[in-house]
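*Asks:* Residue numbers (this note's numbering), protein chains in the order written: chain S, 1 to 114; chain L, 1 to 108.
Derived by calculation from the structure, the hints in this document are not laboratory data.
Do not take every clue at face value.
[Unchecked claim] Lysine-lysine pairs mimicking DSBU-like chemistry, simulated, CA-CA at most 35 Å apart:
hint, chain 1, residue 1, chain 2, residue 2
1, S, Lys-13, L, Lys-81
2, S, Lys-57, S, Lys-15
3, S, Lys-22, L, Lys-81
4, L, Lys-103, S, Lys-13
5, S, Lys-22, L, Lys-103
All values derive from a computational prediction rather than experimental measurement.
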Amino acid sequence: AAGVIQSPRHLIKEKRETATLKCYPIPRHDTVYWYQQGPGQDPQFLISFYEKMQSDKGSIPDRFSAQQFSDYHSELNMSSLELGDSALYFCASSSRHEANYGYTFGSGTRLTVV
Amino acid sequence: GQSLEQPSEVTAVEGAIVQINCTYQTSGFYGLSWYQQHDGGAPTFLSYNALDGLEETGRFSSFLSRSDSYGYLLLQELQMKDSASYFCAVQGYQKVTFGTGTKLQVIP
Numbered sequence: 001a002a003g004v005i006q007s008p009r010h011l012i013k014e015k016r017e018t019a020t021l022k023c024y025p026i027p028r029h030d031t032v033y034w035y036q037q038g039p040g041q042d043p044q045f046l047i048s049f050y051e052k053m054q055s056d057k058g059s060i061p062d063r064f065s066a067q068q069f070s071d072y073h074s075e076l077n078m079s080s081l082e083l084g085d086s087a088l089y090f091c092a093s094s095s096r097h098e099a100n101y102g103y104t105f106g107s108g109t110r111l112t113v114v
Numbered sequence: 001g002q003s004l005e006q007p008s009e010v011t012a013v014e015g016a017i018v019q020i021n022c023t024y025q026t027s028g029f030y031g032l033s034w035y036q037q038h039d040g041g042a043p044t045f046l047s048y049n050a051l052d053g054l055e056e057t058g059r060f061s062s063f064l065s066r067s068d069s070y071g072y073l074l075l076q077e078l079q080m081k082d083s084a085s086y087f088c089a090v091q092g093y094q095k096v097t098f099g100t101g102t103k104l105q106v107i108p
């Protein structure tokens with residue numbers, strides 16, 4: 001079965017640079033979520049999209065932005081990177097038509113800012 | 001806002017039963033989910049409780065009491081591969097909020 005695809009798997013950037021993370025949700029899933037997970041931390045909700053419209057916003061810095069495209073893939077854009085942005089970034093997708101509300105997570109992008 | 005509390009670490013013996021508790025304070029509660037995450041891996045959905053009671057899925061069961069804002073994950077016949085972090089998560093309208101996670105170590 002198709003899963004949530006994230007790219008790249010690993011990314012190394014320097015401070016003040018820009019990074020773009022991509023997420024391809026499970027086909028027919030209508031909602032995409034982005035989470036940030038620091039070392040030893042729980043996943044922190046950043047932002048979500050339902051049917052290509054932003055549906056909720058969490059602790060996402062103003063330096064970050066995201067969008068969902070017509071093909072339902074989503075991109076998280078991160079500018080003016082800081083050392084503290086180093087983390088695992090997960091994308092997840094779900095469908096409102098699935099009663100169990102379970103999210104399927106991608107394998108994540110490990111961002112290292114040096 | 002939402003807050004969830006769960007023990008930070010639990011150690012149990014292979015073949016035994018372990019219960020991981022979760023209490024929560026939240027607005028806009030739809031249900032309680034549980035996720036498993038191995039080191040360096042992605043969270044994997046285990047179970048979801050929208051109503052009070054016990055849901056059983058193989059060796060794993062999850063319980064919810066909405067009146068007590070409390071739930072637990074029960075793992076039976078523990079295996080070494082069950083060593084991982086387990087997160088309870090509150091399902092809100094458009095997002096899931098994760099607890100801080102319980103690191104389960106299964107020992108021989």
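*Asks:* Hints the structure violates: just list their numbers, smallest first.
*Replies:* none
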